[in-house]
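Okay, here's what each chain looks like letter by letter:
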Amino acid sequence: MTSENSKFKKLDGNVPTGPIADRWKSHKFHMKLVNPANKRKYSVIVVGTGLAGASAAASMAELGYNVTTFCIQDSPRRAHSIAAQGGINSSKNYPNDGDSVYRLFYDTVKGGDYRARESNVYRLAEVSSGIIDQCVAQGVPFAREYGGTLSNRSFGGAQVSRTFYARGQTGQQLLLGAYSAMMKEVHKGTIKSYTRREMTDLVMVDGKARGIVVRNVVTGEFEKYTADAIILATGGYGNVYYLSTNAKASNASAAFRAYKKGAYFANPCYTQIHPTCIPVSGDHQSKLTLMSESLRNDGRVWVPKVKGDKRSPDLIPENERDYFLERIYPSFGNLVPRDVASRNAKLQCDAGFGVSATGKAVYLDFADAIKRKGEDKIRAEYGNLFEMYERITDHNPYKMPMMIYPAIHYTMGGLWVDYNLMSNIPGLFVLGEANFSDHGANRLGASALMQGLADGYFVIPYTIGNYFASGKFEKIDLTHPEFEKALQESSSKYKKLLAINGNKTVNEFHKALGHIMWEYVGMGRNEAGLQKAISEIQALREDFWKNVKVSGSSVDVNTELEKAGRVADFLDLGELMALDALERKESCGGHFREESQTPENEAMRDDENFCHVAAWEYQGDGAKPIRNIEELKFETVKLTQRSYK
Amino acid sequence: MSSKRKCSPLSSIGKKQIMGATGLLLCGFLVTHFVGNCTLFLGPAAFNKYSHALTSNPLIYLAEAALLGLFLAHILMAIKLVIENKKARPVEYHTYIKSGRGGTFASKTMPYTGIIALVFLVIHILGLKFGTQYSTTIDGIEMRDIYKTTIEYFQDPLHIVFYIISMIALGIHTSHGFWSAFQSLGLSHPKYMPKIQLASKLFGLFVVIGFSSLPIFCYLQGGH
Amino acid sequence: MGGNSTDTMSLNLKVWRQKNNKDKGQMVDYKLDGVSPDMSFLEMMDTLNTKLIKEQGDTIAFDHDCREGICGMCSMMINGQAHGPEAETTTCQLHMRKFKTGDTIVVEPWRAKAFPVLKDLMVDRGAFDQIIAAGGYVNVNTGNPQDANAILIGQENAELAMDAAACIGCGACVASCKNASAMLFVSAKISQLALLPQGAVESEARTQAMVAKMDELGFGNCTNEAECEAQCPKGIKIENIARMNREWFKGALGSRN
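Chains as they are written, first to last, in my numbering: chain V, 15 to 659; chain L, 99 to 322; chain P, 7 to 263.
Heads up, a few of these hints could be off.
[Stated by the list, open to error] Non-contacting residues of chain P with respect to chain L, defined by C-beta distances greater than 12 angstroms in every case (computed):
#1 M15
#2 K104
#3 R117
#4 G132
#5 S182
#6 N185
[To be verified] Below, in silico cross-link-like pairs of lysine-lysine (DSS-like), each with a Cα-Cα straight-line distance of 25 angstroms or less:
#7 L:K178 / P:K184
#8 P:K30 / L:K184
#9 P:K256 / V:K510
#10 V:K202 / V:K238
#11 V:K546 / V:K518
#12 P:K57 / L:K196
#13 V:K202 / V:K24
#14 V:K324 / V:K55
#15 P:K37 / P:K60
#16 V:K274 / V:K499
#17 L:K185 / P:K25
#18 V:K518 / P:K57
#19 V:K507 / P:K256
#20 P:K119 / L:K206
#21 V:K53 / V:K206
#22 P:K184 / L:K184
#23 V:K222 / V:K42
#24 V:K546 / V:K374
#25 L:K196 / P:K60
#26 P:K256 / L:K293
#27 P:K184 / L:K185
#28 P:K60 / V:K509
#29 P:K28 / L:K184
#30 L:K206 / P:K184
#31 P:K25 / V:K509
#32 V:K652 / V:K124
#33 L:K289 / P:K256
#34 V:K518 / P:K60
#35 P:K57 / V:K560
The set of hints was computed from the structure by calculation and includes no laboratory data. C-beta: ideal position from N, C-alpha, C; glycine also.
My request is simple: use the sequences and hints to build the entire structure.
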């Protein structure tokens, strides 16, 4: 064990036993049920209305539970699930190309670099087929073949075509399906939906999660809500890095508040970097835009062989270009996995070979593909992406190579949950990207949508019933002292932020944090860098609480105050990520420790010492959190070292 | 979604469909009116006989009542729409620019061209239907000499100018209204819509040229 | 290549400022220097806000989220056009290279009775959610529906349904319509579901319920001017409105009460 803290616990994931293929079936049978007539006596709060939240809210309301939803945007339909482009995986095996529940399970475990819980992943693969049926029944307009059947494609290097898609807007269409289902229940009165609310605290009564405090961002007032169970479906924390492909309002505050109330935060260092994003154009940049990975099917990645070569790319002759992915990985070439492609791009730029005014970009060249296939063919395949690229950069990728650079895209870590998706706090369930879940140390393309909907449509409706049926729930009054306390704490935090009236804007702090995170807790991590990150974040946090300038007042809309509240949490979470990365002295998936690599510079796991989940337990501000662990047992899939040479 | 159906004719779509349906029927009236008036070109006897046949038929009252109903429905709905649409945006924009990719001159001026057409209608009825009464006998039957009234009426160049201006307004009105009715009634299809839009423009042109030819003809008949 | 133009622009901005829903509000002039042509319109607004913070002012509130043109949150009337002058582009994807130094840019919130202003450029589009709640869905519960491939959908209808489903619910159609009509938004959802067998069953009832809700909320009427189509960032066509009208007409003819 690597943690110096001897008080750490070994966590039990409450995983059912028996053959892996029967576990979920048998678990469903053994779980207690709530009588249909009694369901309306139970209430659930759902925070976040993305794929996981909206699908959970709709499904539970249909069963008869009283559901209340909260979202930060002006409508539940705008959650960032909407931005997912590529598609959703399912083990339907419609193309007859050898897919199966077992293969999807196996690929996901392997893709996650053996750091996910086998039983959860198997269940995910098992329910994936029902997700497609459900979405089609809702009217999600998936792509079709001429005969009217559903169309599939291969995605992200998968060897079978198991990805269902709706043009480049799969996330949007799936979310609108779940949102519609949710609005159907709003109409029936089984869901009450609150918008423009930000959760500021979790309220616990007698050791159970029994309510939340939210800030109404229109009025600035704090509101209290109680329920018998609380579900967090609040997404990932990629915005710790300031620049990411996440939406601007995506934040970690709800999950982090729960952490501070005792929920364990698992594997915070597992972040995913996407290699094909549009590079930063200047200091004004507020967010990054991802382009589909499919571009690497035809584009060739290169940099000039000479450092700082400022010539226009069309003037650089073939023999002065370094197609570094093809050179280093002759068999996979430009199609190496996301993390490998990203890391190599950053290595080239750090070594001074980067292009663009900032030196932080590599070329993705379609000249050969256009020559080989013709411009029309390329236009048909990538037209919308090329258009988007040109709109943002003002460069025509048909004439000049694109410039790309990696960006933070997804976070595999999140609140620790057991097989029932319940955190260590009774009554606090966590779904979707917000939990640490099923992707291990690296998520496969088109699997995020699958997991969000699996959690919401097909897991939580069962497991929440079991929780309700297993205990007694007294009605809690909103005047309960725990609510009062939580409200006061929330309110004083915001008052404190407003009172500092320093000289640096919230964004300046956020950018500074993002810079530290990207440099030291980004694609390549090492002990010295991580220690440096921790001390720099601590200093930055101190500065933040002394010098941040939050304009406006506590009443009415104050977007600066909202941002300040989130950045305060990002500062704490950033340190926790660095700490987790420091203590995980192995490389796995998206977590690349430079000290732990194969002679071919590949991520090298240390299964002997780190085949476990690290679940961090808060010990108070300034105190080092405890690193609890959950051992990961691989009974079905054999651990192997991945190689892409 | 409740199973109770809500399809009030006064819903936003109901109103539009009433506008469209009455508009199309009024277009039909314009066509028959023009065809009938073409008897003017054949001389006094033909025109007066046609007019007599029309007005002596007892069904004319029914037809006039129906026509009045169409006009009233069309006008009242238009007034209601304009008022409601005004209310839907209580605070105006500081700057508001049409993209130029959407609306046309005709679509933007519908209420105005409609008002011109309405004023014209009143003056037109007062000046001709309730104009100077002459009588004549054709084939032994005594009847009104509406031909004479018409020719006299259009000896005044002011009357001609007003008539033509009004027809231009009505032509513009129908050039948007005709296709718009198909859209409102849901009778549109991407394949046929461009043809319907072309037909709409041609209809407007027909209204302008067709009807304007009448007063000019009358003016020339008056010994000029 | 890269970091295209190093020349920055100076702009005169006229921005609608309104403290809250009760405040009357007015246009306020701002001067902003150092605007890079590579900035998005929202990044330009960020820059203005940073300047306001440094000058001890209150920042301009505006809605935004994904900043990649899909969430539908951003909503600005720029120089009298919804999402600004560029066709099929949301405000977040509009770049400052479309403007030139010395330009005066007028920025206003969406204006409609059904979209009350909350603060500055931020409006409440909850009315759209209410319309969807009235019927913008297929009445199916989570469970075990038939196999997805048991429902065959011809590619043409699937594509048309997808065209309509691409609506991001931003409200540009309402903002740009001279009557503040929500017909394009409502018809996009009605069309999508009417074109698919799953949704066609209850299409007439859906149409009536959604239209009734739309009317109740105070949106204006459609006068077939197609300004909504012209300014829709996702290119939703008014043929959807015709399809909705048809569904409504069918329902009106076949109604039993």
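Is the Cβ of P:R117 more than 12 angstroms away from each Cβ in chain L? Not fine: 5 angstroms to the nearest Cβ puts P:R117 too close to chain L.
Does L:K184 sit within 25 angstroms of P:K30, going by the straight-line distance between their CA atoms? 19 angstroms, holds
25 angstroms Cα cutoff - pair V:K652, V:K124: 9 angstroms, holds
Taking only the CA atoms, is the gap from L:K196 to P:K60 under or equal to 25 angstroms? 37 angstroms, violated
So P:S182 supposedly isn't at the interface. Is its beta-carbon more than 12 angstroms from every beta-carbon in chain L? 7 angstroms, violated
Does L:K184 sit within 25 angstroms of P:K184, going by the straight-line distance between their CA atoms? 9 angstroms, holds
Taking only the CA atoms, is the gap from P:K256 to L:K293 under or equal to 25 angstroms? 24 angstroms, holds
Would the non-interface assignment of P:N185 survive a Cβ cutoff of 12 angstroms against chain L? Since the minimum Cβ distance to chain L is about 4 angstroms, P:N185 lies within 12 angstroms and the statement is violated.
Has the given pair, P:K256 with V:K510, been kept, meaning a C-alpha gap of at most 25 angstroms? 60 angstroms, violated
Would you mind confirming whether the straight-line C-alpha gap from L:K178 to P:K184 stays at or under 25 angstroms? 15 angstroms, holds
Check the hint pairing P:K25 with V:K509 against an upper bound of 25 angstroms on the C-alpha distance. 20 angstroms, holds
Quickly compare the C-alpha distance for P:K57 and V:K560 to 25 angstroms and report which way the hint goes. 21 angstroms, holds
This entry does not satisfy hints 3, 5, 6, 9, 12, 13, 14, 19, 25, going by the numbered hints stated previously.
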